[in-house]
Amino acid sequence: IRPGSDDIQHHGQKAGEALTRTFLSFPTTKTYFPHFDLSPGSQDVKGHGQKVADALSQAVANLDDLPGTLSKLSDLHAHKLRVDPVNFKLLSHCLIVTLACHLSKDLTPEAHASMDKFFASVATVLTSKYR
Amino acid sequence: MVHLSGEEKGYINAIWSKVSIDQTGAEALGRLLIVYPWTSRFFDHFGDLSSAKSVMGNAKVQGHGAKVLTSFGDAVKNMDNLKGTFAKLSELHCDKLHVDPENFKLLGNILVICLAEHFGKEFTPEVQAAWQKLVAGVATALAHKYH
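Going line by line, the protein sequences match chains D and A. Sequential numbering of the first sequence, starting at 2, is according to the numbering used here. Sequential numbering of the second sequence, starting at 41, is according to the numbering used here.
FYI, nobody ran anything at the bench for these hints, they're computed from the structure. Positions of the beta carbon are idealized from the N, C-alpha and C atoms, including for glycine.
Some but not every residue of chain A turned toward chain D, in silico, with C-beta under 8 angstroms:
#	residue
1	Gly70
2	Val152
3	Ala156
4	Phe163
Next comes chain D alone, as it looks inside the complex (with noise of 0.2 angstroms):
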């Protein structure tokens, strides 16, 4: 995982290309975000693509931990945001798509494999407060 996150330049742009991925192939993602300017590029999806990709980066920095690093976040997503669970799958599918286009041969099975189940403990975390 750490030398796949190494690899990648301008997190923030990536996740932001991975939102655009997930709204255009999956349309019912884009209910969460009545209040965005969803357009690829816009100021919306690339300030939220940097939060997103933000958290990730702390998730990676603190693997043995991540119920109490994302723990804030785990509230926000149970009490306010509320995001069915399905997806977090959705997004997680775009981030791999999105590393997969930008590292090529260099997403390794072997590397896919461990951001697969990164980000489906990651989505575990985010929803485990929910009920």
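With chain D's structure known, arrange chain A on it following the hints.
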């Protein structure tokens, strides 16, 4: 029933015409078995699937991957009639192979990732969206005859 616009069909055909079916099929099936190891439940007879290296080098995985992706080619040729095209295969997967249709969704998404890996910049968000529609349509068609 998946509806693909002319533009979306164009995106799909443009990519498909450049795909190496044997290579990408092997890659996709291999990655499925590595990323979601529980899918190996259908392939106990394939031999050594114990590591990423053994999976990717396994001749049976490669052969079967190629077979699966060749069949996927029928989807690309018949985007307006996926249910009809895959009716017989759907019965096979239910009655003989006993495959949970959830697996079709997993493989579809792995295929999308393989295409992203190969085509890089060319695999734009718009191209991805068209492919997501197609793989979802194929998954639905393959599950259609389940009972």
